[in-house]
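Asker: Below are the chains, spelled out letter by letter.
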Amino acid sequence: MSAGVFLGILLLFCFFLVGVWIRLCLVVCPPGKAIFIKDQIDQKQDEEEDEEPAFDVVTGGRLFHLPFLQKVMVLDLSSIRVQWTEEGIAAKEQQLISLDIVIHARISRKKALLPYAAEYYTGNERKAVTRIVKEVAENLLLDEFVSIPCERISYERSLLARELLKKVQEKVRKRAIEIDGIYFRSVKLFPERIPIPLISEIPSV
Amino acid sequence: MLGIGVFLLVLFLRACVVVAPYYKIAILSGDRSLDDSERIVGYRLIRDSWGMRKPSSERVDFLYLGPYRFSWTPEELYCQGTVPVCLEVKGEVHIDHREPVIHEAIERFFDTPGEHIVQMVKDILIADLRELLVCHSFETFETFPVRLRHQWIEKSREDLKKMGLFLHQVEITRYEQSNQEQSPEHLEAVGSEEHDSSELGDIRPDGEV
Numbered sequence: 001m002s003a004g005v006f007l008g009i010l011l012l013f014c015f016f017l018v019g020v021w022i023r024l025c026l027v028v029c030p031p032g033k034a035i036f037i038k039d040q041i042d043q044k045q046d047e048e049e050d051e052e053p054a055f056d057v058v059t060g061g062r063l064f065h066l067p068f069l070q071k072v073m074v075l076d077l078s079s080i081r082v083q084w085t086e087e088g089i090a091a092k093e094q095q096l097i098s099l100d101i102v103i104h105a106r107i108s109r110k111k112a113l114l115p116y117a118a119e120y121y122t123g124n125e126r127k128a129v130t131r132i133v134k135e136v137a138e139n140l141l142l143d144e145f146v147s148i149p150c151e152r153i154s155y156e157r158s159l160l161a162r163e164l165l166k167k168v169q170e171k172v173r174k175r176a177i178e179i180d181g182i183y184f185r186s187v188k189l190f191p192e193r194i195p196i197p198l199i200s201e202i203p204s205v
Numbered sequence: 001m002l003g004i005g006v007f008l009l010v011l012f013l014r015a016c017v018v019v020a021p022y023y024k025i026a027i028l029s030g031d032r033s034l035d036d037s038e039r040i041v042g043y044r045l046i047r048d049s050w051g052m053r054k055p056s057s058e059r060v061d062f063l064y065l066g067p068y069r070f071s072w073t074p075e076e077l078y079c080q081g082t083v084p085v086c087l088e089v090k091g092e093v094h095i096d097h098r099e100p101v102i103h104e105a106i107e108r109f110f111d112t113p114g115e116h117i118v119q120m121v122k123d124i125l126i127a128d129l130r131e132l133l134v135c136h137s138f139e140t141f142e143t144f145p146v147r148l149r150h151q152w153i154e155k156s157r158e159d160l161k162k163m164g165l166f167l168h169q170v171e172i173t174r175y176e177q178s179n180q181e182q183s184p185e186h187l188e189a190v191g192s193e194e195h196d197s198s199e200l201g202d203i204r205p206d207g208e209v
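Protein sequences, first through last, are from chains A and B.
What the first sequence shows, in the working numbering, is residues 1 to 205, in sequence order.
What the second sequence shows, in the working numbering, is residues 1 to 209, in sequence order.
I should point out that these hints are in silico values taken from the structure, not numbers from a laboratory.
It is possible that part of the hints are untrue.
[Claimed, not checked] Label pairs and their computed distance ranges (CB to CB):
id: 1; chain 1: A; residue 1: Ser186; chain 2: B; residue 2: Gln177; range: 18 to 28 Å
id: 2; chain 1: A; residue 1: Tyr120; chain 2: B; residue 2: Gly5; range: 48 to 58 Å
id: 3; chain 1: A; residue 1: Val72; chain 2: B; residue 2: Leu2; range: 35 to 45 Å
Built from N, CA and C at the ideal position, the CB exists for glycine as well.
If we strip away everything but chain A, and leave its shape as in the complex, we get (with noise of 0.2 Å):
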């Protein structure tokens, strides 16, 4: 083998190699994704001095970064349906119902608030984002409906659902959670309403 066709098939080998170094260090971000990088130096000086990690965080192309030294993160925005059924509202007069109700609501695209939903929400998306709005939701149902008879809740349910969209979203938004839509799926009354103790019932003291 002459020096020249051992020196084009070294030049070869080095260039696949550069390939593969390229292509490994090179993360494509999926569509309705969201990747970081995390400095694994970076993040344990920084839990050392209780700060939080600064995220480069891109929802769309690709980005470069060290295999062995930085970690790409994941981050999931498609949209999340949380179901629940929430038992025991109190309704006016003192009548108890529950509800059947589903939130469409998905982590906001808004550049601002990714860092957050990144630090936040990366690895367990469905589970935070459902805990959130239920909570909230749960929250907001329990002041809203105290005043409004039952029969009422159950007749006007897109209209009443409608309005506490907007106050879920108010509450929300800086939690980087969008929700697209609020529905109220079943109205049913609960047997028993609300016990009230009784005056003398009520220890003094």
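Guided by the hints, dock chain B onto chain A, whose structure is given.
Answerer: Below, chain B alone, put in the same frame as chain A:
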């Protein structure tokens, strides 16, 4: 030697060419591009055609455009005056492939199973139907079913468009006044003497009572 060269070239071309079938859209992620509303997105789309991708820096995914068919009997529907109604609904929806609406669908439904999409569509359709029914008596519904169906479709199309979906068609295959006694668990007080419809008042489409 020439044979190997041709074979490698064919392999390379095969890896670069992306063909999108008519019922799918090819999403090439990696390069940032501007959509029709001047918004930066991290992918480009190939629809009803073919295109070339950069094998080292672009990944290819496909999004099924539909149709997603559904058929169901929504529960707890009330016409004006809290008259319970029973309906059977059939329809189909697909992902709107027009710019810039398609990006809303890609952001929400990429990698999402079809059942999940159908379930979300049903949630929206039933909410819109409830809003519409509450403004009309059952007699109006019986007399002008087509007109009401059109109103329903228009309203639902607007709502679904925000999510990047297009309601292709929806049909009410059966409608009748349902028997409230059959479902004792539901709100018994609705429509009873104690709380008749006059107490609730007439509701206008804008939500004012």
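Asker: Now tell me if each hint is right for this structure.
Answerer: Okay, the hints, checked on the actual structure:
no.	hint	result
1	A/Ser186 / B/Gln177: 18 to 28 Å	19 Å, holds
2	A/Tyr120 / B/Gly5: 48 to 58 Å	53 Å, holds
3	A/Val72 / B/Leu2: 35 to 45 Å	42 Å, holds
Comparing the model with each numbered hint stated earlier shows that all of them hold.
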